[in-house]
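Participant: The primary structure of each chain is shown beneath.
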Amino acid sequence: MSRAALNSLLSDPGFAPKDITPATIEARAWFMATADADASAVLGVFNDLLARGFDDEQGVPTDAWERFTGEVLPKLLGITASPPTVTPADLAIAYHSSI
Amino acid sequence: MTPTEQRLLDVLKARSFRRAAPGEQFTLASGEKSDYFIDGKMTAVSPEGAPLIGQVLYDCTKDDRLDAIGGLQVGAVPLVTAAVMAYHANGSAVEGFWVREAVKDHGTKKTIEGGLKPGMRVAIVDDVFTKGGSALKAAEAATEFGCEVVCVIALVDRLRGARELFEGKGITDYRAIFNVADHFGVHVPGRAELAAV
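Which chain is which? The protein sequence lines are A and B, in order.
Everything in the first sequence is counted per this note's numbering, starting at 121 for the first residue and increasing by one.
Everything in the second sequence is counted per this note's numbering, starting at 166 for the first residue and increasing by one.
Any given hint might turn out to be false.
[To be verified] Facing chain B, according to a computed beta carbon distance under 7 Å, are these residues of chain A, among others: (1) Pro133; (2) Val180; (3) Ala201; (4) Pro203.
[Said to hold, decoys possible] DSS-like cross-link-like pairs, simulated, lysine-lysine; straight-line CA separation at most 27 Å: (5) Lys138/A to Lys227/B; (6) Lys227/B to Lys178/B; (7) Lys296/B to Lys138/A; (8) Lys282/B to Lys227/B; (9) Lys334/B to Lys138/A; (10) Lys198/B to Lys138/A; (11) Lys302/B to Lys275/B; (12) Lys198/B to Lys302/B; (13) Lys302/B to Lys206/B; (14) Lys282/B to Lys302/B; (15) Lys178/B to Lys296/B; (16) Lys138/A to Lys275/B; (17) Lys282/B to Lys198/B; (18) Lys198/B to Lys275/B; (19) Lys178/B to Lys275/B; (20) Lys138/A to Lys178/B; (21) Lys227/B to Lys206/B; (22) Lys334/B to Lys302/B; (23) Lys138/A to Lys302/B; (24) Lys198/B to Lys178/B; (25) Lys198/B to Lys227/B.
In case anyone wonders, no lab produced these hints; they're calculated from the structure.
Glycine residues also receive a C-beta, built at the ideal position from the N, C-alpha and C atoms.
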């Protein structure tokens, strides 16, 4: 359920930094319900985004945000799809390259 | 503007306000773009900024018969601490509280931390308001808890709709100590045109 809810949230064309916290909550709920590598990888990404201040109401440098939306968001959409089209390794590589 | 407010503005400009470098831009929480950034925390936890914020919040609310001051974590936490210390230093007392954005899943599972009690008259504070969403969450949590939100106070208002948001929610006492147009020289599209109407 949380996987589908997270996919729905991420699919919103208006996905913005304000959605990072709700997405992290969904990712955590998914991980708590399903202890698998997909959920773990996604939760890891969102926890790190929070640690990097992506939830700061006052903003995120646009180049960092655009790297996230350009390189990582498509992978997040793929790994939260049913069935998933992206592996945890693909997500990890994309996130690593976006930092 | 009082001397305390002027000094706080100077500290905010020196520590918290930054215009984007050429080619740089910031994406706000809402997704909108901005060519400046205000990191209120850099002032709120600074040796001079923290007591100045406390004194300004005290001066701004001392006649409101408040029982408590609070806001949404994390941004409001240092402001709340500064305010309750200023109240104490001025021989008065208010409780401080903050609202968690997400309920923790261990321990007490509380949404609101601090000495808030139902029936209290409260002020909601935050450092920088864009659309006011963070402060609104805190105001709604305090109201749901049974408190009366007397006023909402922004240290800096980016003039992107916070006042209108609160007015729409029935919170008519909205106070901004500073705003980006008058105090930081930021051009806010539409503001002059609106004022001329």
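Participant: Now tell me, hint by hint, if it's right for this structure.
Facilitator: Structure-based check of each hint:
Hint status for Pro133/A: violated, given a least beta-carbon distance of 10 Å to chain B, over 7 Å. A hinted interface residue such as Val180/A counts as satisfied when its beta carbon comes closer than 7 Å to some beta carbon of chain B; here the least separation is about 5 Å, so the hint holds. At its closest, the beta carbon of Ala201/A sits 23 Å from a beta carbon of chain B; the interface hint therefore is violated under the 7 Å criterion. With 7 Å as the threshold, the beta carbon of Pro203/A stays out of range of chain B, its nearest partner Cβ sitting at about 29 Å, so the hint is violated.
At most 27 Å may separate the alpha-carbon atoms for a hinted pair to count; Lys138/A and Lys227/B exceed this at roughly 33 Å. For the hint pairing Lys227/B with Lys178/B, the CA-to-CA distance comes to about 26 Å; that is within 27 Å, so the pair holds. Restraint check for Lys296/B and Lys138/A: the C-alpha separation of about 11 Å stays at or below 27 Å, so the hint holds. As the CA atoms of Lys282/B and Lys227/B are separated by approximately 20 Å, the hinted pair is consistent with the 27 Å bound.
Of the pairs offered as hints, the one joining Lys334/B and Lys138/A holds, with about 20 Å between alpha carbons and a cut-off of 27 Å not exceeded. The straight-line distance between the Cα atoms of Lys198/B and Lys138/A is roughly 13 Å, inside the 27 Å bound, and the hint therefore holds. Using a Cα cut-off of 27 Å, the hinted pair Lys302/B and Lys275/B holds, with the two alpha carbons roughly 15 Å apart. Only pairs whose Cα atoms come within 27 Å are accepted, and Lys198/B paired with Lys302/B is accepted, the gap being roughly 23 Å.
Distance restraint check for Lys302/B and Lys206/B: the Cα-Cα separation of roughly 19 Å lies within the 27 Å cut-off, and the hinted pair is therefore satisfied. Between Lys282/B and Lys302/B, the direct Cα distance comes to roughly 18 Å. Compliance with the 27 Å bound is thereby established for this hinted pair. The straight-line distance between the Cα atoms of Lys178/B and Lys296/B is roughly 21 Å, inside the 27 Å bound, and the hint therefore holds. Simply put, Lys138/A and Lys275/B have alpha-carbon atoms about 22 Å apart, close enough for the 27 Å limit, and the pair holds.
With a CA separation close to 39 Å, the supplied pair Lys282/B and Lys198/B exceeds the 27 Å bound. Between Lys198/B and Lys275/B, the direct Cα distance comes to roughly 35 Å. Violation of the 27 Å bound is thereby established for this hinted pair. Annotation: proposed proximity of Lys178/B to Lys275/B is violated, straight-line Cα distance about 36 Å (limit 27 Å). Between Lys138/A and Lys178/B the CA atoms are separated by roughly 25 Å; this keeps the pair inside 27 Å, and the hint holds.
A threshold of 27 Å between alpha carbons decides the hint, and for Lys227/B with Lys206/B the separation of about 24 Å falls inside it, so the pair holds. Restraint check for Lys334/B and Lys302/B: satisfied, since their Cα atoms lie roughly 12 Å apart, inside the 27 Å limit. This hinted pair checks out: Lys138/A and Lys302/B have alpha carbons roughly 13 Å apart, not beyond 27 Å. Between Lys198/B and Lys178/B the alpha-carbon distance is near 21 Å, which keeps this suggested pair within the 27 Å criterion.
Between Lys198/B and Lys227/B, the direct Cα distance comes to roughly 37 Å. Violation of the 27 Å bound is thereby established for this hinted pair.
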